Amino acid sequence: DSGVTQTPKHLITATGQRVTLRCSPRSGDLSVYWYQQSLDQGLQFLIQYYNGEERAKGNILERFSAQQFPDLHSELNLSSLELGDSALYFCASSVAAGRYETQYFGPGTRLLVL
Amino acid sequence: AQTVTQSQPEMSVQEAETVTLSCTYDTSESNYYLFWYKQPPSRQMILVIRQEAYKQQNATENRFSVNFQKAAKSFSLKISDSQLGDTAMYFCASLTGTASKLTFGTGTRLQVTL
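As you go down the protein sequences, you meet chains A and B in turn.
Quick note on our numbering: the first sequence kicks off at 1 and runs consecutively.
Quick note on our numbering: the second sequence kicks off at 1001 and runs consecutively.
In short, the hints are calculated from the structure, not lab data.
Treat the numbers as computed from the prediction; the structure is a model and nothing was measured.
Backbone N, C-alpha and C fix where the C-beta goes; we use that ideal spot for every residue, glycine too.
Hints may contain errors.
Said to hold, decoys possible - Over the 12 Å line for every Cβ pair with chain B, so calculated as not near, a few chain A residues: (1) Ile12; (2) Ala14; (3) Gly58; (4) Ala96; (5) Leu114.
As the list claims (entries may be wrong) - Derived, one-sided and incomplete: chain B residues facing chain A with beta-carbon distance under 7 Å: (6) Arg1043; (7) Met1045; (8) Arg1050; (9) Gln1051; (10) Tyr1054; (11) Gln1056; (12) Ser1100; (13) Lys1101; (14) Phe1104.
Claimed, not checked - Which stretches of chain A does chain B cover? Using the computed rule of at least three CB atoms under 8 Å from a CB of chain B, they are: (15) 73-87; (16) 102-109.
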């Protein structure tokens, strides 16, 4: 158990809908990262937050957004969902936002868009 | 851009034997970190081992060790005394100074058999 929690574990929804994925980092970690794992794209970095502020952005679609709250939990919002958004979404956390921080992953949220 | 290549999509090893998974990477950075993550059937991403590029000594964690060849940009994982619980997908990843994101390879599926 990495200490990173994600809810829900599974999510089934329809195209065009909006969902929110939640992540709580390990105790003491200030930085949160979101990754998407899909069959065709592999594991891809989406976005990073550090202590409430956006720090780095990857291949995140405009339909997706994220935020980190004062209690350091983070939410990833996915809207206007398409079939291709079906994937496993991971949250990871690290102590700080330094360049070489080891990232510990949560169990993931499996999203299925029908 | 950083790239990580895992050229072995699948491998098989018998219980108690040793297996080596290959990984090559490309980066223009002078300092970086390299990781191996394990993803068992539960889909959890578990950190196996970490190597700092500035360290000449190869990292070791119990039955897991790496062969880090900086000039060749090679980072292989050796699993000794393989156990059934080692059955998983193994991902090689790099972390560089220009971005906080992990760049993953496509993974190697390892099957440990009796």
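Verification of the supplied hints:
1. Ile12: Non-interface label stands for isoleucine 12 of chain A: nearest chain B Cβ at 16 Å, farther than 12 Å.
2. Ala14: 23 Å, holds
3. Gly58: Non-interface label on glycine 58 of chain A violated, nearest chain B Cβ at 6 Å vs cutoff 12 Å.
4. Ala96: 10 Å, violated
5. Leu114: Non-interface label on leucine 114 of chain A holds, nearest chain B Cβ at 20 Å vs cutoff 12 Å.
6. Arg1043: 6 Å, holds
7. Met1045: 4 Å, holds
8. Arg1050: 6 Å, holds
9. Gln1051: 11 Å, violated
10. Tyr1054: Since chain A brings no Cβ nearer than about 10 Å to tyrosine 1054 of chain B, farther than 7 Å, the hint is violated.
11. Gln1056: 17 Å, violated
12. Ser1100: 5 Å, holds
13. Lys1101: 4 Å, holds
14. Phe1104: 4 Å, holds
15. 73-87: violated (count 0)
16. 102-109: Answer holds; 6 residues pass the 8 Å Cβ test.
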